[in-house]
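Protein chains: 2
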Amino acid sequence: MWTFDEIKDDLKKRLKETRFKHTLGVVDTSLKLSKYYGYSSEKASFAALLHDCGKLKDQEMMDNAVNKYPIVIDSFMLENKQLIHAPLGEAIARKRYGVLDEDILQAIRNHTVGNINMSKLDKIIYISDIIEPSRTFDNIDYLRKLALKDLDEACIACMDNTIRFLIMKHWMIDPNVIEARNTCIQNLKNKEK
Amino acid sequence: MWTFDEIKDDLKKRLKETRFKHTLGVVDTSLKLSKYYGYSSEKASFAALLHDCGKLKDQEMMDNAVNKYPIVIDSFMLENKQLIHAPLGEAIARKRYGVLDEDILQAIRNHTVGNINMSKLDKIIYISDIIEPSRTFDNIDYLRKLALKDLDEACIACMDNTIRFLIMKHWMIDPNVIEARNTCIQNLKNKEK
Numbered sequence: 679m680w681t682f683d684e685i686k687d688d689l690k691k692r693l694k695e696t697r698f699k700h701t702l703g704v705v706d707t708s709l710k711l712s713k714y715y716g717y718s719s720e721k722a723s724f725a726a727l728l729h730d731c732g733k734l735k736d737q738e739m740m741d742n743a744v745n746k747y748p749i750v751i752d753s754f755m756l757e758n759k760q761l762i763h764a765p766l767g768e769a770i771a772r773k774r775y776g777v778l779d780e781d782i783l784q785a786i787r788n789h790t791v792g793n794i795n796m797s798k799l800d801k802i803i804y805i806s807d808i809i810e811p812s813r814t815f816d817n818i819d820y821l822r823k824l825a826l827k828d829l830d831e832a833c834i835a836c837m838d839n840t841i842r843f844l845i846m847k848h849w850m851i852d853p854n855v856i857e858a859r860n861t862c863i864q865n866l867k868n869k870e871k
Numbered sequence: 679m680w681t682f683d684e685i686k687d688d689l690k691k692r693l694k695e696t697r698f699k700h701t702l703g704v705v706d707t708s709l710k711l712s713k714y715y716g717y718s719s720e721k722a723s724f725a726a727l728l729h730d731c732g733k734l735k736d737q738e739m740m741d742n743a744v745n746k747y748p749i750v751i752d753s754f755m756l757e758n759k760q761l762i763h764a765p766l767g768e769a770i771a772r773k774r775y776g777v778l779d780e781d782i783l784q785a786i787r788n789h790t791v792g793n794i795n796m797s798k799l800d801k802i803i804y805i806s807d808i809i810e811p812s813r814t815f816d817n818i819d820y821l822r823k824l825a826l827k828d829l830d831e832a833c834i835a836c837m838d839n840t841i842r843f844l845i846m847k848h849w850m851i852d853p854n855v856i857e858a859r860n861t862c863i864q865n866l867k868n869k870e871k
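The listed protein sequences correspond, in order, to chains P and W.
Under the numbering used here, the first residue of the first sequence carries the number 679, and numbering increases by one thereafter.
Under the numbering used here, the first residue of the second sequence carries the number 679, and numbering increases by one thereafter.
It cannot be assumed that every hint is accurate.
The list cannot tell twin chains apart, which means a pair is met if one copy fits it or any two copies do.
[Unchecked claim] Derived lysine-lysine pairs resembling DSS-like cross-links, with alpha carbons at most 30 Å apart: (1) Lys867 <-> Lys686; (2) Lys721 <-> Lys699; (3) Lys721 <-> Lys867; (4) Lys869 <-> Lys694; (5) Lys867 <-> Lys713; (6) Lys773 <-> Lys721; (7) Lys759 <-> Lys871; (8) Lys867 <-> Lys735; (9) Lys867 <-> Lys699; (10) Lys869 <-> Lys847.
Just so you know, the hints here were simulated from the structure itself, not pulled from any lab data.
Throw the hints in and build the complete structure from the sequences for me.
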């Protein structure tokens with residue numbers, strides 16, 4: 679497996695500058711959250727560094743990567759191609775960077791829309807992706823505060839943001855984000871019991 | 679099968695007064711929409727009359743009905759019991775009122791959250807349920823106008839309303855409404871081609 683710095687140097691060449699800066703922001707935020715919630719900082723930082731490794735800087739690189747790393751693209755992804763970078767990122771992490779840790783691979787796969795029963799790492803990466811320092815939108819301060827209150831609550835609020843954005847744009851919503859949100863709500867209910 | 683008036687008289691006894699009034703509103707609206715969109719007024723009015731026949735006026739009647747008319751209740755419904763009245767309504771329409779028309783039964787089943795590939799009748803009932811005359815909420819006039827523009831567009835807007843409401847309440851969202859909304863968006867895209 680490549681070292682953290684080797685992957686970082688490689689991504690600097692393969693991602694757009696703003697994407698690379700965002701990636702470093704996600705690393706920073708995921709380190710904070712992993713320490714706060716008692717999760718392995720090493721795993722969190724690797725997952726964060728790699729979360730957008732499938733979002734290559736130009737369409738030609740994307741097309742080449744999709745041919746090189748066969749991934750399952752479902753009908754929803756075919757209509758919503760911005761989602762392809764998550765399974766593609768997982769495949770690149772596995773094949774190019776030699777990542778074997780299934781927790782890290784799963785967090786990369788789940789970072790765009792979440793999934794039923796997200797792991798702690800999935801949640802840390804999902805939230806960090808949305809609240810990292812370079813992000814700016816209306817209720818970002820509220821989400822950043824919530825991230826230090828409860829991972830499920832923060833996930834739900836981040837997902838609500840995404841769903842409202844998709845509604846505003848008249849775009850389709852991935853049913854996975856709904857399943858993910860529902861399980862987070864169920865988790866909260868179970869904690870209250 | 680019972681006649682329209684027999685069912686109406688029976689529902690007057692079995693539903694709360696406001697629910698019965700709402701039901702008659704849905705019948706009126708569905709008649710307008712069915713004429714506007716060239717669909718059988720008879721089928722629309724029966725489906726509208728029966729859409730909430732599973733929402734009985736007290737908990738004891740609901741419990742008795744669930745025991746009398748076995749229905750499949752999935753785990754999502756168990757957590758969100760207000761959804762039970764749709765499959766229960768379908769069962770009551772079938773067994774008590776002798777409805778055999780599968781289009782009507784499907785429209786009753788789908789009226790709360792929609793489904794993939796909704797039929798024209800499903801959409802008419804889904805929309806009528808939300809915009810009938812006794813309903814009052816912020817953007818109701820917009821939805822009423824949209825209902826006379828395009829059934830898919832109106833369904834999407836009604837679903838958006840529902841999803842925003844569920845988000846505001848911090849409640850779970852049924853993945854079926856998302857699947858339904860996505861297929862309506864796909865229908866719109868196909869019409870534009």
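Practice task
Return the numbers of the hints above that this structure violates; sort them in rising order.
Solution key: Hints 1, 4, 9 contradicted; others consistent.
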